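Number of protein chains: 2
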Amino acid sequence: MRVYNFSAGPAMMPIEVLETAQAELTDWRGSGMSVMEVSHRGKDFIACAASAEQGIRRLLGVPDDYRVLFLQGGASGQFAAIPMNLTKPGDTAAYLNTGQWSTKAIKSAKTQLLNVDVLADEAETKYTAIPAAGSYVVPSDAAYLHYTPNETINGVEFDYVPETGDVPLVADFSSTIMSRPIDVSQYGLIYAGAQKNLGPAGLAVVIVREDLIGNARSTTPDIWDYTAMANADSMLNTPPTFAVYLLGLVLDWIDASGGLTAMAARNQAKASSLYAAIDSSEFYANPVAVNARSWMNVPFTLADSSLDAEFLAQAQQRGLTNLAGHRAVGGMRASIYNAMPQAGVDALIDFMTDFANQRG
Amino acid sequence: MRVYNFSAGPAMMPIEVLETAQAELTDWRGSGMSVMEVSHRGKDFIACAASAEQGIRRLLGVPDDYRVLFLQGGASGQFAAIPMNLTKPGDTAAYLNTGQWSTKAIKSAKTQLLNVDVLADEAETKYTAIPAAGSYVVPSDAAYLHYTPNETINGVEFDYVPETGDVPLVADFSSTIMSRPIDVSQYGLIYAGAQKNLGPAGLAVVIVREDLIGNARSTTPDIWDYTAMANADSMLNTPPTFAVYLLGLVLDWIDASGGLTAMAARNQAKASSLYAAIDSSEFYANPVAVNARSWMNVPFTLADSSLDAEFLAQAQQRGLTNLAGHRAVGGMRASIYNAMPQAGVDALIDFMTDFANQRG
Numbered sequence: 001m002r003v004y005n006f007s008a009g010p011a012m013m014p015i016e017v018l019e020t021a022q023a024e025l026t027d028w029r030g031s032g033m034s035v036m037e038v039s040h041r042g043k044d045f046i047a048c049a050a051s052a053e054q055g056i057r058r059l060l061g062v063p064d065d066y067r068v069l070f071l072q073g074g075a076s077g078q079f080a081a082i083p084m085n086l087t088k089p090g091d092t093a094a095y096l097n098t099g100q101w102s103t104k105a106i107k108s109a110k111t112q113l114l115n116v117d118v119l120a121d122e123a124e125t126k127y128t129a130i131p132a133a134g135s136y137v138v139p140s141d142a143a144y145l146h147y148t149p150n151e152t153i154n155g156v157e158f159d160y161v162p163e164t165g166d167v168p169l170v171a172d173f174s175s176t177i178m179s180r181p182i183d184v185s186q187y188g189l190i191y192a193g194a195q196k197n198l199g200p201a202g203l204a205v206v207i208v209r210e211d212l213i214g215n216a217r218s219t220t221p222d223i224w225d226y227t228a229m230a231n232a233d234s235m236l237n238t239p240p241t242f243a244v245y246l247l248g249l250v251l252d253w254i255d256a257s258g259g260l261t262a263m264a265a266r267n268q269a270k271a272s273s274l275y276a277a278i279d280s281s282e283f284y285a286n287p288v289a290v291n292a293r294s295w296m297n298v299p300f301t302l303a304d305s306s307l308d309a310e311f312l313a314q315a316q317q318r319g320l321t322n323l324a325g326h327r328a329v330g331g332m333r334a335s336i337y338n339a340m341p342q343a344g345v346d347a348l349i350d351f352m353t354d355f356a357n358q359r360g
Numbered sequence: 361m362r363v364y365n366f367s368a369g370p371a372m373m374p375i376e377v378l379e380t381a382q383a384e385l386t387d388w389r390g391s392g393m394s395v396m397e398v399s400h401r402g403k404d405f406i407a408c409a410a411s412a413e414q415g416i417r418r419l420l421g422v423p424d425d426y427r428v429l430f431l432q433g434g435a436s437g438q439f440a441a442i443p444m445n446l447t448k449p450g451d452t453a454a455y456l457n458t459g460q461w462s463t464k465a466i467k468s469a470k471t472q473l474l475n476v477d478v479l480a481d482e483a484e485t486k487y488t489a490i491p492a493a494g495s496y497v498v499p500s501d502a503a504y505l506h507y508t509p510n511e512t513i514n515g516v517e518f519d520y521v522p523e524t525g526d527v528p529l530v531a532d533f534s535s536t537i538m539s540r541p542i543d544v545s546q547y548g549l550i551y552a553g554a555q556k557n558l559g560p561a562g563l564a565v566v567i568v569r570e571d572l573i574g575n576a577r578s579t580t581p582d583i584w585d586y587t588a589m590a591n592a593d594s595m596l597n598t599p600p601t602f603a604v605y606l607l608g609l610v611l612d613w614i615d616a617s618g619g620l621t622a623m624a625a626r627n628q629a630k631a632s633s634l635y636a637a638i639d640s641s642e643f644y645a646n647p648v649a650v651n652a653r654s655w656m657n658v659p660f661t662l663a664d665s666s667l668d669a670e671f672l673a674q675a676q677q678r679g680l681t682n683l684a685g686h687r688a689v690g691g692m693r694a695s696i697y698n699a700m701p702q703a704g705v706d707a708l709i710d711f712m713t714d715f716a717n718q719r720g
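These protein sequence lines are chains A and B, in that order. For the first sequence, counting from 1, position 19 maps to 19 in our numbering; every step adds exactly one. For the second sequence, counting from 1, position 152 maps to 512 in our numbering; every step adds exactly one.
Worth flagging that the hints you see were computed from the coordinates, not collected in a lab. Owing to the predicted nature of the structure, the values given are computational and were not obtained by experimental measurement. Think of the CB as a built atom: it goes at the ideal place given N, C-alpha and C, for glycine as much as any other residue. Warning: the hint list may mix true and false statements.
[As the list claims (entries may be wrong)] From the structure, some residues in chain A lie toward chain B, with a derived Cβ separation under 7 Å:
(1) Thr103
(2) Ser218
(3) Asn322
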């Protein structure tokens, strides 16, 4: 029996994707081999990777002057790889700090001999809000402005795209990529770990405007040198082939589900119903500023935190798993990425209502 | 129908492993979730990763003062990460060059502000031999000596472990790890990409002696900082969970198959039978010095290279796939890692005999 899995990542994947992978796990498309066993240099896998890249380009409308790279090391690896590729030692890069992932990106950037200019930091709101547009100024000499459109831990999301003038905008889209349409041309670089909306852990996708690459520091590891990887179609070394294959299946599933416009409607409906249930209850609360509430990660607290363990145990019995909040904030968190159906959110809301009636 | 897949990597995996993964792909051990969907911070996955580490420790007899790390970026990533962790800028590190993988490791090391001292280079033998023990002197001030115990492209393997005195020995075991017992205490650091003998692509295993870590350069990316990763049980960031899980299944399979002593006997028998077939034929040839012939990768040429395409096409028809040699050397190559049974090698030898009788 499958459960509704509210894990923040690795996260629920579409059952259709898992069933396809399962059906062909020992014999991929008549090859007599698993997709895990085929050479990444063979024409079948090259076509598979190219198809995944085309899926990203098609769904996101990636302009032709952007490269799409499949890398290893997750988004955390990119925290270091971005300065290596986009800056020289001593350059300035600007960051917005809206939570734990921004904080990690900033910390990593500081190890790369960079002048890190944090333009705004939501520490005083305990990372329950985002800086207002116009409340910070992007220095014109910054190599880029980095921000985190969605923070998974506090469930905080930007409701606007920062204006940066000529300064390239760099965004960690790990927890929100493919959840709705975006305008890629507003960004210099988009990156995302796969394990929330794209597939399994172990793959990072980087979408970068061509004019920003070609000047990596000489000490950049080959496998993170965007130009070297772009020139090698992301196969300078052996790629994580199974993850790339699953990415392709996930993108096909998004296509078959109506594309990103349909995903956006679905995701907005899921989030709205869950926030409405929380807001209409005296028993549950969400502390995030209304304009900054995430569609993807919905943290909430119980009026009596001594009931947390019982809440989680009863939820588990109803097949609602991984609802514990991040250890840094406690309480509950429901992560409701693309693969979570409205039925899962409805089941959660029903349970929350029952629990509040019973114990509230 | 499954084929015998002689790919150099990603490579054949044990069918028992694939079938287990297939059976539980949508419901891992009764969780109602795929192992790809569970949180890496949950107790089930932590136990899974710990079990994989224990499997490596048990099979290889890893001493207690070595750390076992699961990293991303493959062995190619470690080409840069090793200097970052084990040297300071300006240090000397010694390398032996026995083929394309050594050459890549050397090239990467040179980008890391290192004085790279290549003690021996088999270019003049076209990488068909290994430097004799005693033919090179390891400088006592070297941070380490790096070598590649097995080179996949030319099928060349060391038949001895280099003596280095007090200088730590660093070895890229990507294509030979778990193929036979080794004495880990002879090494300062062992690393391996998973996609030959350990599982799917996307995971690198590093086994490093504790006294060598703790002095990573300040610019080392967190996810490659051996100390930071050791302290976080390789979960500083989201690990490639499915690859770690499959590694565990592969290690269980090795255990169930009799462990590394049985693997060694099996692998030696497979290689011996194939080399004997080549050597006893006028139609096939292997150029590698007899003492340096690889158990894992057996390249061979046809007396008439104009028959190569026909050889490959007929082999494919018999269910013998991925026999084309690396593009750098041409001819044929049979990679016969742990998962290739003797029956697969026998089928190859039968076909080679038939083909030589027919066209020789």
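Which earlier hints can't be squared with this structure? Hint 1 is the one this structure does not satisfy, whereas the remaining hints hold.
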